[in-house]
Amino acid sequence: MGRQRETFFGFFRNFGDRTLGEAETFTRRILPGFLALVFLSTAAGAVLGYLKFNGWTVGDWLINYQAGFVRRGLMGEIIFRLSLLSGINAGLVTIAFQMLFYAVFFFFSFLALKGRKALFPYILLVFSPFLFMFQVCDLNGGYRKEIVHFALLSFLVWASLNLKPKSFSRVLYLVLAVFPLVVLSHEMLVLFLPYLLAVHFQREKPTPGKGIALFGLVCLSVLAFLSCAAHRGTPGQVLGIQASLAFAGYPLEGGAIGALAETAGDALGRVGGMILKGRYVLYLFPLFFSSLAFIPVFGFYGKNPLNRPASGLVLLSVLGSLPLFAVAVDWGRFIYIHLVSIFLLLLSLAPEGEDLSRWRDVRVVEAFRRWGLKKPAAVSAFLFWYFFLWILPHFGAPALYPRQLNFLELAKPFLELTGLK
19 MGRQRETFFG
29 FFRNFGDRTL
39 GEAETFTRRI
49 LPGFLALVFL
59 STAAGAVLGY
69 LKFNGWTVGD
79 WLINYQAGFV
89 RRGLMGEIIF
99 RLSLLSGINA
109 GLVTIAFQML
119 FYAVFFFFSF
129 LALKGRKALF
139 PYILLVFSPF
149 LFMFQVCDLN
159 GGYRKEIVHF
169 ALLSFLVWAS
179 LNLKPKSFSR
189 VLYLVLAVFP
199 LVVLSHEMLV
209 LFLPYLLAVH
219 FQREKPTPGK
229 GIALFGLVCL
239 SVLAFLSCAA
249 HRGTPGQVLG
259 IQASLAFAGY
269 PLEGGAIGAL
279 AETAGDALGR
289 VGGMILKGRY
299 VLYLFPLFFS
309 SLAFIPVFGF
319 YGKNPLNRPA
329 SGLVLLSVLG
339 SLPLFAVAVD
349 WGRFIYIHLV
359 SIFLLLLSLA
369 PEGEDLSRWR
379 DVRVVEAFRR
389 WGLKKPAAVS
399 AFLFWYFFLW
409 ILPHFGAPAL
419 YPRQLNFLEL
429 AKPFLELTGL
439 K
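Residue numbering for the sequence shown follows the working numbering, starting at 19 and increasing by one per position.
Simulated from the structure, these hints should not be mistaken for laboratory data. Note that the Cβ used here is the ideal one computed from N, Cα and C, for glycine as well. Do not rely on the hints blindly, as some may be mistaken.
Claimed, not checked - Calculated pairs, DSS-like style, for lysine-lysine (alpha carbon to alpha carbon, straight line, at most 27 angstroms):
#1 Lys223 / Lys182
#2 Lys182 / Lys135
#3 Lys228 / Lys184
#4 Lys184 / Lys132
#5 Lys430 / Lys393
#6 Lys223 / Lys321
#7 Lys321 / Lys392
#8 Lys70 / Lys430
#9 Lys182 / Lys132
#10 Lys135 / Lys430
#11 Lys70 / Lys135
#12 Lys295 / Lys228
Stated by the list, open to error - Estimated spans, in silico, between C-beta atoms of each pair:
#13 Leu334 / Gln422: 33 to 41 angstroms
#14 Gly34 / Ala61: 45 to 53 angstroms
#15 Gly437 / Leu342: 35 to 43 angstroms
#16 Gly291 / Arg378: 34 to 42 angstroms
#17 Tyr419 / Leu110: 37 to 45 angstroms
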């Protein structure tokens with residue numbers, strides 16, 4: 019134990035002489051522990067949301083069909099039925115679902131990272147505050163239904179790297195066949211469906227026969243979206259859902275459930291007010307900061323390692339999601355979904371072409387010279403700032419100055435649960 023601790027801190031001694039090969043080895047060694055720690059903190063945060071009756075992180079999952087068919091209600095209906103069958107209140111069932119999807123996302127992301135021949139281009143991404151740490155750095159921003167999308171996409175990426183073409187095609191068809199159920203759980207997620215297709219087109223060239231099959235499966239998700247759009251929700255349904263949750267042992271009001279009754283005009287007005295105040299212009303800063311983490315990956319594989327079909331599908335998803343920014347205030351959350359999806363898509367790149375040997379002896383400091391950071395102290399200061407001193411908030415104006423140390427946020431849920439904070 020003492021030797022491991024010495025080795026861990028020893029990496030930061032003589033940092034100016036450290037090479038990318040050493041950074042690679044160091045990252046591979048600490049990655050399992052890092053993800054385990056983040057997962058435990060995430061679980062503690064889920065319990066905290068449950069105890070606080072959080073109308074967004076928990077309420078988003080509890081919209082159901084007990085007052086009639088309504089958008090994003092399928093997952094909540096399943097949770098409600100399981101609650102009645104098991105006698106466990108709906109809030110606890112929600113925590114189980116949340117942690118299941120986080121576990122799948124973390125597990126298959128880890129396997130994909132572990133399988134890369136060169137991991138160092140992904141270091142800024144892995145330890146950034148907007149990827150695995152997003153829900154830790156902003157407790158009210160995570161735990162939403164996009165983690166279902168992350169779970170499916172990470173599994174599909176793993177399958178693309180490890181399964182033979184025929185087996186991967188079966189997995190792809192299965193994921194696309196299940197995706198309409200995901201859309202019925204949250205209609206917004208149909209806008210991120212292109213990322214699933216991009217994994218396929220990054221691996222294989224499109225063929226007419228497979229294209230027809232994929233088109234048919236995509237149409238099912240589109241139909242699910244249209245059915246959700248036609249059943250936005252009413253004040254009466256909000257009351258009915260709240261009554262059902264009280265019956266299921268977890269009374270909850272407001273939050274995502276209450277938002278069902280809001281009109282499009284209400285949503286546009288709220289977003290317009292935030293824009294007029296000039297607060298959302300500040301999202302340009304975390305958007306720029308998060309883009310920095312992708313530069314090493316694109317530099318390692320080429321200007322654009324994605325082929326044209328995959329790039330086109332990413333662009334389609336980005337453009338298709340722009341209307342979300344007009345009707346919902348949590349802009350950071352939508353940016354986060356795209357960032358994680360692009361990260362996972364980049365993990366689907368074939369590792370066979372990775373050549374670590376020509377990079378292994380390059381000093382870490384040398385890799386940052388193109389960024390204008392020429393001294394070890396400057397690189398260390400940048401890395402400390404990047405990993406610990408900024409976040410991508412899910413809602414509201416990003417801060418232009420540090421308000422927290424991100425690594426301390428890992429302990430925050432535990433401190434709150436134990437009453438020490």
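Evaluation of the provided hints:
A hinted pair counts as satisfied when its Cα atoms are at most 27 angstroms apart, and Lys223 with Lys182 qualifies at roughly 15 angstroms. About 19 angstroms separates the Cα atoms of Lys182 and Lys135, which keeps this hinted pair within 27 angstroms; it holds. For the hint pairing Lys228 with Lys184, the CA-to-CA distance comes to about 12 angstroms; that is within 27 angstroms, so the pair holds. At most 27 angstroms may separate the alpha-carbon atoms for a hinted pair to count; Lys184 and Lys132 meet this at roughly 24 angstroms.
Between the alpha carbons of Lys430 and Lys393 the distance comes to roughly 34 angstroms, so the proposed pair goes past 27 angstroms and is violated. Restraint check for Lys223 and Lys321: satisfied, since their Cα atoms lie roughly 21 angstroms apart, inside the 27 angstroms limit. Between Lys321 and Lys392, the direct Cα distance comes to roughly 23 angstroms. Compliance with the 27 angstroms bound is thereby established for this hinted pair. Restraint check for Lys70 and Lys430: satisfied, since their Cα atoms lie roughly 15 angstroms apart, inside the 27 angstroms limit.
Under the criterion of a C-alpha separation no larger than 27 angstroms, the hint pairing Lys182 with Lys132 is consistent with the structure, at around 19 angstroms. With a C-alpha separation of about 35 angstroms, the suggested pairing of Lys135 with Lys430 is violated against the 27 angstroms cut-off. Distance check on the hinted pair: Lys70 and Lys135 sit about 44 angstroms apart at the alpha-carbon level, beyond 27 angstroms; violated. For the proposed pair Lys295 and Lys228, the alpha carbon gap of about 49 angstroms is over 27 angstroms, so the pair is violated.
Between Leu334 and Gln422 the Cβ separation comes to about 36 angstroms, which falls inside the hinted range of 33 to 41 angstroms. The hinted window of 45 to 53 angstroms between Gly34 and Ala61 is violated, with their beta carbons roughly 38 angstroms apart. A C-beta distance of roughly 38 angstroms is found between Gly437 and Leu342, which places it inside the suggested range of 35 to 43 angstroms. A hinted range of 34 to 42 angstroms is violated for the C-beta pair Gly291 and Arg378, which are about 53 angstroms apart.
In this structure the supplied range 37 to 45 angstroms holds for Tyr419 paired with Leu110, their Cβ-Cβ distance being about 39 angstroms.
Violated hints, in rising order: 5, 10, 11, 12, 14, 16; the structure is consistent with all others.
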